[in-house]
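Go ahead and model the full structure; you've got the sequences and the hints to work with.
Reminder that position 238 of the sequence shown reads as 238 in the UniProt record's numbering, one-by-one numbering, no gaps.
No wet-lab data here; the hints were simulated from the structure.
Only a predicted model underlies this, so the values are computations on that prediction, with no experimental measurement involved.
For glycine and all other residues, C-beta sits at the position ideal for the given N, C-alpha and C.
A few of these clues could be false.
Calculated pairs, DSS-like style, for lysine-lysine (alpha carbon to alpha carbon, straight line, at most 25 angstroms) [what the hints assert, rightly or not]:
1) K97 - K120
2) K120 - K133
3) K97 - K170
4) K312 - K326
5) K118 - K133
6) K26 - K174
7) K120 - K90
8) K133 - K170
9) K230 - K313
10) K118 - K97
11) K174 - K133
Label-pair distances were calculated between CB atoms; the ranges are [to be verified]:
12) N311 - F278: 15 to 23 angstroms
13) H10 - L172: 35 to 43 angstroms
14) E270 - F60: 42 to 50 angstroms
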Amino acid sequence: MLTFSNVEKHDRDQPLIRAENLTINKGRIIGIHGLPDTCHALLHIILGKSEISKGEMVLFGESYGSRLKLSTRIGFLLREDGLYERLTVKENLAFTKGLYQSEVSLTDVMEQLRLPSKEKLKNLSPSAIQRVKLGRLLVQNPDLFILEEPDQNVDLETRTIFSDIFLKLKALEKSVVIITSNLESAVSMTEEVYRMTQSGVTLVNMQEEETFEEAEKQVELPRLNKIPAKLDDKLLLFDPAEIEFIESIDSQAHLFISGERFICSFTLAELEERLETFGFFRCHRSYIVNLQKVREIITWTRNSYSLQMENKKEVPLSKSKMAELKERLGMH
1 MLTFSNVEKH DRDQPLIRAE NLTINKGRII GIHGLPDTCH ALLHIILGKS EISKGEMVLF
61 GESYGSRLKL STRIGFLLRE DGLYERLTVK ENLAFTKGLY QSEVSLTDVM EQLRLPSKEK
121 LKNLSPSAIQ RVKLGRLLVQ NPDLFILEEP DQNVDLETRT IFSDIFLKLK ALEKSVVIIT
181 SNLESAVSMT EEVYRMTQSG VTLVNMQEEE TFEEAEKQVE LPRLNKIPAK LDDKLLLFDP
241 AEIEFIESID SQAHLFISGE RFICSFTLAE LEERLETFGF FRCHRSYIVN LQKVREIITW
301 TRNSYSLQME NKKEVPLSKS KMAELKERLG MH
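Okay, structure coming up:
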């Protein structure tokens, strides 16, 4: 359905998106996670509002330049989507039905989404409004659903309804792509998640958790160089290169990755031992830093230092660690 081949998007000569090989086939529920700017840029590319800097994007077997001809086969749910607040739920959906000459039953859609047909949108809750937005897509009945942050600021009922509908769409061999800057949202609502960065696209390793202890034992296998983090009933497995730094908070190790934080059951000492060969450095009693992500060493005073990361965050550097760091970096 949707394929990215060696796609790059640049902003002021700096790579914002790099997707060497990503294919979304029919009947899939996929999450694409990235920083807000990355998600925004990706949506603009798919919407046709922005051109790629390099590579090729193929939709339904046709090149990126033919996207306008394929507009009825793709449906979008965007945060900034406008609705007719003075119209009822049914009137809004009926407008979409006429626009796309759809044969989908409005009654069935409203029942699936638990929407009151005669209620005006101005009287609905934000969660119900979001369900109306999805309802418009169901009426349009595209093959590919592109959803921007669909569960942002919605209640549990709406999340459950959305998840049920996504499974029904999958059974119909339609595909759902959720583009979000919230990894927890991507993990909870999709079958597989890809992290998109300026370095490329990587599959987020996750598995259903039977027991966290059993999952940790798997991580301890010598050949598996992954760091586990728990998220609800999922176990996420991160490549060391994805981790920016680690902080000990209330005796728990927190992994900082792409602006988000995840709890790891390993102690800071255990992580220091596991990650040393991957270029990590214990820069402070409460911090381990990925030296590949460090942009600058900042000297505040004669005895006060910090490390500035690529994302501009600062991590403290102990005075006692400065000499060791210089040695690691080959500074004399």
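Going through the hints against the structure:
Taking the CA atoms of K97 and K120, the gap is near 18 angstroms; set against the 25 angstroms cutoff, the hint holds. In summary, the hint linking K120 to K133 is supported, as the alpha carbons are separated by about 14 angstroms, within the 25 angstroms threshold. Our distance criterion of 25 angstroms between C-alpha atoms is met by K97 and K170, whose separation comes to about 22 angstroms. Note on K312 and K326: the hinted pairing holds, with a Cα-Cα distance of about 21 angstroms set against a maximum of 25 angstroms.
A C-alpha spacing of about 16 angstroms is found between K118 and K133, which places the hinted pair at or below 25 angstroms, so the restraint holds. Taking the CA atoms of K26 and K174, the gap is near 6 angstroms; set against the 25 angstroms cutoff, the hint holds. Straight-line distance between C-alpha atoms of K120 and K90 comes to about 9 angstroms, which keeps the hinted pair within the 25 angstroms bound. With a C-alpha separation of about 19 angstroms, the suggested pairing of K133 with K170 holds against the 25 angstroms cut-off.
In summary, the hint linking K230 to K313 is supported, as the alpha carbons are separated by about 24 angstroms, within the 25 angstroms threshold. Between K118 and K97, the direct Cα distance comes to roughly 17 angstroms. Compliance with the 25 angstroms bound is thereby established for this hinted pair. Of the pairs offered as hints, the one joining K174 and K133 holds, with about 18 angstroms between alpha carbons and a cut-off of 25 angstroms not exceeded. Distance hint check: the CB atoms of N311 and F278 are about 19 angstroms apart, consistent with the given range 15 to 23 angstroms.
Taken as a hint, the range 35 to 43 angstroms holds for the pair H10 and L172, whose Cβ atoms sit roughly 37 angstroms apart. The beta-carbon spacing between E270 and F60, approximately 48 angstroms, falls within the hinted interval of 42 to 50 angstroms.
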